[in-house]
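A.B. asks: What follows is the residue order along each chain.
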Amino acid sequence: MTPPDAAACPVVALVSSGHHPVSGRPGRAREDARAVEMGLTLAGARLQLVHAGNAEEPALRDYLGMYHGLDDSAAQGELALLPMTTADDAVPLLATWLANSGCRLVLAGQRAECGEGSGLLPYLLAERLGWTIVSGAATIERVGADRVTLLQVLPQGQRRRLEVSLPCLITVDALAPPPRQSAFGPARRGRIHVVDGLTAEEDSASGEWRWQPARARPKRLKVVKSGNARDRFRAAAAKSSAAGGQVLTDLTPEQAADRLIAYLREEKILNDEMP
Amino acid sequence: MNVRRIDPHAERIRRNRLHPRYQEFMHPAWRWTGPNGVTRIDPHAIGAVGPNGIRRIDRSGAVVEAQPPTSSPIESGPSRRMVVIDDPAGFVMVVPECPEGRLSDHDRDLLGLARQLADGQSLAVTAVTFQGAVAGLEDAGADRWIDLSACVEGDCYDPESRLAALLSVETAMTPRHWLFADSFPGGGDLGRRLAARLSRSSSHGANARAATRVWQIAEGLGLSRAGGRQDIQRELPLILLALPECAEPVSETRHEARPISIDAAGSMTSDMTAVGVVDLGRVAVDPQQIPLAQAPFILSAGRGIGDWAGFHHAAEVLGASEGASRVAVDDGNMPRTRQVGATGTFVSASCYIAVGISGAVQHLQGIAKCQRVVAINRDPGCDMVKRADLALIADGDAVLAAVCARLGKPMADVPATESRGERYHDAA
Ligand SMILES: Cc1cc2nc3c(=O)[nH]c(=O)nc-3n(C[C@H](O)[C@H](O)[C@H](O)COP(=O)(O)OP(=O)(O)OC[C@H]3O[C@@H](n4cnc5c(N)ncnc54)[C@H](O)[C@@H]3O)c2cc1C
Numbered sequence: 000m001t002p003p004d005a006a007a008c009p010v011v012a013l014v015s016s017g018h019h020p021v022s023g024r025p026g027r028a029r030e031d032a033r034a035v036e037m038g039l040t041l042a043g044a045r046l047q048l049v050h051a052g053n054a055e056e057p058a059l060r061d062y063l064g065m066y067h068g069l070d071d072s073a074a075q076g077e078l079a080l081l082p083m084t085t086a087d088d089a090v091p092l093l094a095t096w097l098a099n100s101g102c103r104l105v106l107a108g109q110r111a112e113c114g115e116g117s118g119l120l121p122y123l124l125a126e127r128l129g130w131t132i133v134s135g136a137a138t139i140e141r142v143g144a145d146r147v148t149l150l151q152v153l154p155q156g157q158r159r160r161l162e163v164s165l166p167c168l169i170t171v172d173a174l175a176p177p178p179r180q181s182a183f184g185p186a187r188r189g190r191i192h193v194v195d196g197l198t199a200e201e202d203s204a205s206g207e208w209r210w211q212p213a214r215a216r217p218k219r220l221k222v223v224k225s226g227n228a229r230d231r232f233r234a235a236a237a238k239s240s241a242a243g244g245q246v247l248t249d250l251t252p253e254q255a256a257d258r259l260i261a262y263l264r265e266e267k268i269l270n271d272e273m274p
Numbered sequence: 000m001n002v003r004r005i006d007p008h009a010e011r012i013r014r015n016r017l018h019p020r021y022q023e024f025m026h027p028a029w030r031w032t033g034p035n036g037v038t039r040i041d042p043h044a045i046g047a048v049g050p051n052g053i054r055r056i057d058r059s060g061a062v063v064e065a066q067p068p069t070s071s072p073i074e075s076g077p078s079r080r081m082v083v084i085d086d087p088a089g090f091v092m093v094v095p096e097c098p099e100g101r102l103s104d105h106d107r108d109l110l111g112l113a114r115q116l117a118d119g120q121s122l123a124v125t126a127v128t129f130q131g132a133v134a135g136l137e138d139a140g141a142d143r144w145i146d147l148s149a150c151v152e153g154d155c156y157d158p159e160s161r162l163a164a165l166l167s168v169e170t171a172m173t174p175r176h177w178l179f180a181d182s183f184p185g186g187g188d189l190g191r192r193l194a195a196r197l198s199r200s201s202s203h204g205a206n207a208r209a210a211t212r213v214w215q216i217a218e219g220l221g222l223s224r225a226g227g228r229q230d231i232q233r234e235l236p237l238i239l240l241a242l243p244e245c246a247e248p249v250s251e252t253r254h255e256a257r258p259i260s261i262d263a264a265g266s267m268t269s270d271m272t273a274v275g276v277v278d279l280g281r282v283a284v285d286p287q288q289i290p291l292a293q294a295p296f297i298l299s300a301g302r303g304i305g306d307w308a309g310f311h312h313a314a315e316v317l318g319a320s321e322g323a324s325r326v327a328v329d330d331g332n333m334p335r336t337r338q339v340g341a342t343g344t345f346v347s348a349s350c351y352i353a354v355g356i357s358g359a360v361q362h363l364q365g366i367a368k369c370q371r372v373v374a375i376n377r378d379p380g381c382d383m384v385k386r387a388d389l390a391l392i393a394d395g396d397a398v399l400a401a402v403c404a405r406l407g408k409p410m411a412d413v414p415a416t417e418s419r420g421e422r423y424h425d426a427a
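Order-wise, the sequence lines are chains A and B. Residues 0 to 274, numbered by numbering that gives the first Met the number 0, are exactly what the first sequence covers, in order. Residues 0 to 427, numbered by numbering that gives the first Met the number 0, are exactly what the second sequence covers, in order.
Think of the hints as simulated: they come from the structure by calculation, not from any bench.
Heads up, incomplete: computed chain A residues facing chain B, CB under 10 angstroms, no partners named:
(1) S15
(2) Q109
(3) G116
(4) R127
(5) R146
(6) R209
(7) Q211
(8) A228
(9) R233
(10) T248
(11) Q254
(12) Y262
Here are the simulated DSSO-like pairs of lysine-lysine, each with C-alpha atoms no more than 27 angstroms apart in a straight line:
(13) B:K408 <-> A:K267
(14) A:K218 <-> B:K368
(15) A:K267 <-> B:K385
(16) B:K368 <-> A:K267
(17) B:K368 <-> B:K385
(18) A:K221 <-> B:K368
(19) A:K221 <-> B:K385
To be clear about the criterion: a stretch of chain B counts as covered by chain A if any three or more of its residues have a C-beta under 8 angstroms from a C-beta of chain A, and this derived list gives those stretches:
(20) 181 to 195
(21) 226 to 235
(22) 293 to 306
(23) 381 to 395
For each residue, glycine too, the CB sits at the ideal point set by N, CA and C.
Bound conformation, chain B alone (with noise of 0.2 angstroms):
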């Protein structure tokens, strides 16, 4: 196929500039007029070779360079338009959750609603942050930006505080709405609140009955879904609390997220007396009893690992929990609830690290969702080094035992192999 044929007639011509064809040797020409007036088109002087090694033909008149095909593809992204709202009309107000301080995909849909709603009426899409700067609220669609983090202590659960800071910034503002994201103990419990609080003024009576489950507005008309396989269709409430997917997240505007302050520190020390719910912190929770889908760290195992006590004492000493390819369950290493991939589990870990294993789709499908995956591999070219952020071409088991000595707890420091094997079986 891909044999390179010579023309020598061509290439003397090529390497002599005084040649009188010269200029149409090098730079041959894609398109001209045949002998007898027909257009000709020579599909093989134009389009230019793509980043998979294929040769397109682009007809939308944009500058088309010959890339190396190893070029990484559309990084940047279209550029987007700048979008400034001097005076608005009103705000809607969006409380992103942003857990680990960035938002999420959830957060971006709700901006994306709240863009929906504000959009043709030039409201101020306004986003209230409890943790200070988060990144990328320009690019999710926010105009204005209030932060509260000032009124509330930290990460901990006070949501009393986090409902006064909100009812001072409702009292400053008058939103037209409020989106919060539907979801416990977040957003939906701080949205449930600020609607029972609100129901109980007379400004607002039935319009603070908050739209649950909001999973799409169409025609000013918001549907949420209600129990008993029914939905509901109403107008819009002061407050929205919405579904993931709800609206598409923003991605052709920019916006400015032009802070503003907002005197919220004075009501809270004034109505907060008695504090109903005290933060005594996270439990450390037996990472072998969180349900597979739910683990937030995975320390995966497949038939690259031969030294399976090793295996469970890392997970241990990292604190992960375990998975397994297909294989290694068939072969009855590890319990068929700790499979990971289309026939098991659909893990949705935000660190997943994969020891020995080499990728296979059925494997890849179940780490969709993974934010982060390391691999341990000793084969550089297999699959699941492609899909890993971080890729260690080395041997698993060596890999492992080094690690938990660098963490203080080598293998050897465990007295005996059945302890640890019955206490793996209490939590399979």
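Excised from the complex, chain A in its bound form (with noise of 0.2 angstroms):
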């Protein structure tokens, strides 16, 4: 295998398979999209797509259709894929396919929707290559020449702004920003290119797991631990969650902004620094 040019080929997006999530039809991973998006921000037709898997899997040309809008209005997609079956470890094949590849940018999603599903292979890749690894980025802001400026997404609507170090593996939230629709005309026009000269090597850990069909998972009661009736009786007859609050009556209104901007302060919502 040659290695292509680095800057030919800057940023790379991982790409799987995925499913609807009601419907269950093949087509894109929601996450992954949203990584390819991110990566056609970033890089226009440059990007180059990566699949280790089945060179037949629908979805690879739904990826691949996303090529359009671009500065470069005649620019093709391009997907390299490194045929193994499902039986097969990715994380070799990837990894020496992304140290020759010489890009020092991957995208990916966090976790894939068909099959193990667990997150772990972007760890492992980073692990592997000696990269940097961040995870949950909400959007890119910049990338220099040897660091990227990236927003990471954190519960309740937050974000932290994360300088990384290249090269490095992203992997992108659900909630950065939408992909793109699949065109088909760009889907047909791209090119998948089978990289061959890569013997893949099976998945040894995966040996004794039993898969089986999901089950629903079961709702969480309220029960009552209690030696003696009395208890268990009084905790079901109890009002729920009623009391222990705090009335104020017979305030005017200045009594009462000043209870409830200490009230804030004191559970830390507002900071202290206004007046």
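The task is to assemble the complex, starting from two chains supplied on their own in separate frames and drawing on the hints.
C.D. replies: Here you go:
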């Protein structure tokens, strides 16, 4: 295999097959499609896609169909396919390919929608390559010569700015900007380039696992554990969460405002900088 | 129904302590043997009036005293059994996330899962924290506690030094299992990093392949949710990343959470030469752009609001996301996307301020997951006041205006009302 020119392939996106959350139809994986979208905004048509698996996978064309609306209107997508079966381990294949490709920035979804779906692959890859890894990116703000600045998704709609050294692997959160639609023309024109010369190894770790259809998780019941019937009865008869609140009457609006501000400061919801 | 009947004959006997039947009338027997040998029970003479004003008969044998109906229901809970493990056969490490420095529900579930693994094998559940002392580890089920706050810099995101600290714990203690909360970017990230690092070492090999999204452990096998509507049942590996509600939290026992010290600082300096990830701090997010279901701080308006411009201004000054009751939405004062409740959004804010909302059930359903609720209302008897942790009985508009004035940004300072209106529509 000849390593592609480093400048020609600055950004790589790892893609996998997914399925629609409701209908179960095969298609793009939601997070992977967001990673491709992020790559297209960063690198335009120079984004290179990689998939380890089966060349006949229908979802691959869906990703190639996203190469439209770019500066270079004649651009077509290119996907490197590393052939392997479902029993094989994708990590050594991808690691070898990435090490030879000369790329320095790899984007991927946080977790695959098919197969094991553990979200471990980016971490194992980064460990093998000795690259930096960051999970849950919302946007990539700037790509410098040796550092990337990005926003990471936090719970409760918050964001955190991180600076990551290149080469790095970035996984994309489901809250990243939504992907563009896949169009038929670019999907037809895109090239799937089967990389040969790599031998897949069987995934030894997953040998003894038993796969079964996902069971619905049981709803947690509110069980009152107590030795005697009286406590159980009192817990069941007690009105839920009605007690314990503080009720302040006969306040002027100014007093009420002071109480409210004091409460919010105490609970660290307002910071103390404001007067 | 509740007419109190007076028996003048009995009253006279009760007043006279020297009457031969005084005892019988003051403390009437609730059980006696009737003239033809049948045991009789007077249900009116036993039991006690419970907290909600209804008489209850308790046959558990506990001493029942009548209580005033206002007394609060079970506050202390049953006492817990103390469990001490002195020389454990091994360790189960739990790395709780502790958002805001407190154990979350997910952390408690995780510790409950750890107990499930440890009990019966005399393993010690060890909590590993990065934020110094965390309250409630004893009740949550930790036998030991390792404080790694010296190895990391406060609150910022430095997964690499955290990983190095965990690795030094791994070499010092060689635990049976590591448990993380499978959530990004907290435990899910750290646990996968540890799994990736340990999978390189020959001693662990396949055993280090973490089980992710574990939601149940039964008979020594873990069930983890995979992609494509499948579950994987497998032997328990070294590292488990568990979903919320993976196990019941500990409720019956108390543990000692004995601190152990680990010499982790040395390893940190040696192999951390180049730092790959640098935290540049939180970014200010426009609260109106955060999806309502995720917003951490919500100021919500109901029919009690008259001054809508003042309300929008107050939300801006407080930095809160705006919510509304259905009436406020139906009247056209707020967009439909802002409605909180059964037919709107179920919110999970850590603080929810309800101004002029009466607290209809449909609305209260929507705020069931909020941690702190503040009500501002004119009616002290309404349901929102009962639900609230802090209720201020005052005029909503006036309080909001006073809050803005106290925070130094009164409404009058803002030049034109239209500009605010436009900005608001942009956000929605
Ligand atoms: C099928 C169905 C679904 C519904 N779904 C929802 C839903 O998803 N969300 C929802 O919110 N509702 C829902 N509702 C409507 C719900 O039943 C109530 O009608 C609604 O929540 C009441 O809104 P409110 O509290 O703003 O108004 P009101 O009940 O009229 O309460 C106004 C409150 O403001 C106080 N007040 C008045 N003036 C002032 C003042 N100057 N200062 C301070 N306080 C003042 C009053 O004391 C009163 O408590 C639903 C109803 C149905 C039938």
